[in-house]
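Peer 1: Sequence:
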Amino acid sequence: SLINNSLKVKNFDLIHASNLPSNISASIGAFLFKKKILWFCNEPILHMDGTKGKNTIFKLFFLKYFENLFLKNIDIVVSNSKNTAKNIKLAHNLNTELIYSGVDTKIFKKQILSGSSVKKLFFISRIEKHKNLDGLINIFKLVESRFSNVELYIAGDGSYLKTLKKKLMSTEISKKIFIMGRISETEKIKMYSKSDIFLFPVFDEPLGVVPMESMLCECPVVAFNSGGPMETILDLKTGFLCTSETEFSNRIIELLNDPILAKTLGMQGRVWAKNNFSVEQMVDKTDKLYRSLLNNN
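All residue numbers for the sequence shown refer to the numbering used here, where the first residue is 11 and numbers rise by one.
Some hints here could point you the wrong way.
[Stated by the list, open to error] Below, in silico cross-link-like pairs of lysine-lysine (DSS-like), each with a Cα-Cα straight-line distance of 27 Å or less:
(1) 45 / 20
(2) 298 / 92
(3) 204 / 119
(4) 119 / 130
(5) 172 / 200
(6) 116 / 295
(7) 295 / 284
(8) 273 / 247
(9) 44 / 74
(10) 119 / 172
(11) 186 / 130
(12) 176 / 139
(13) 99 / 295
(14) 99 / 74
(15) 139 / 92
(16) 82 / 295
(17) 82 / 44
(18) 284 / 120
(19) 45 / 74
(20) 204 / 185
(21) 20 / 298
(22) 116 / 298
(23) 151 / 247
Worth flagging that the hints you see were computed from the coordinates, not collected in a lab.
Produce the entire structure from the sequences given, and follow the hints as far as they go.
Peer 2: Here is the structure:
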C-alpha cells in the first residue's frame, strides 16, 4: 500500500522515484525520515493533457494536488528528454538534469532472417487514440496507392484497439494491415529485424523508446518532426523527420524504392543509438547523480 511503501523508505539513504503513485510514497517517506529524493520524470504532460482523455475535474485536481505536495520534497529532477524537460518547466517551473532512457544494445540488434519479396512496415506502441493510429492508416493508404507490394504490421495493446479493428473492417486495405496485439520482446526484435521501415507517427511523444530500439536493429525510422524523435532520430542520417502525412508517405516510398539508402540509414542508426542511448550511459549518469546527492549533506 501507499503507507507501507512510504515506511519502507526509512531503510534507505536515497529514493529514486518515478511517476504516480511511486512519487507520492517517496514524498511521504522523505518527509518522515529526512531522505534524499531523485525524481526520474518520464511524462509530466500526462497530467497536463487530462490524463490522456480521462479528464474528470476531480481526478485532475487530485493528481496535481498530490504531485505538488511531492515536489516540495524533491532534491533532483531528471527528465528523459529535452522535450520532457520543457514540459516539466511548463507544468512545475522546475529545472532538470537530462538522462536519456537506455536500451540494451546487446539484446536489441539485427537478426539475420530469411527475406521476403513483400515489403514490411512496422509500428509498435500502446494502441491509444493519441498515438495517431488514424494518421498511420492514412499514411499507409497513401503508400499503398503508389507501392502495392507492401504490408503494415501493428503491434501493441490498448483502449483504442477495438475501435481500430472496427475501422479497418470496412476498408479494402485491411487485407494488407496485420494487427498483432501484444508481442514478446523476442518477437519485437524479430519484427524490427525483418521490417524494411519502422513508422512512428506519434506527435509530441515525451521521448519514444521504440524508435531507438528500431535503430539498434538497423531498421530506418520515419517519424514526424515532433517531440522526442527530434532528439533521437537524425534526419537524413538514421531516418526521416516529416511535417505532413504526404511527406511521411513520400519518405516511406523513397526508402522502399532505394534499399541501399534504407540499409545505409539503418547501419548509421545502429551506431548513433549505441553511442547515445545505451543502458550503460543511463546507469553511469544516474550513478553520478546518486553520489552527488549523497555527498551533499
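Peer 1: Give me the numbers of the hints this structure contradicts, sorted from smallest to largest.
Peer 2: Hint check: 10 fails alone, others pass.
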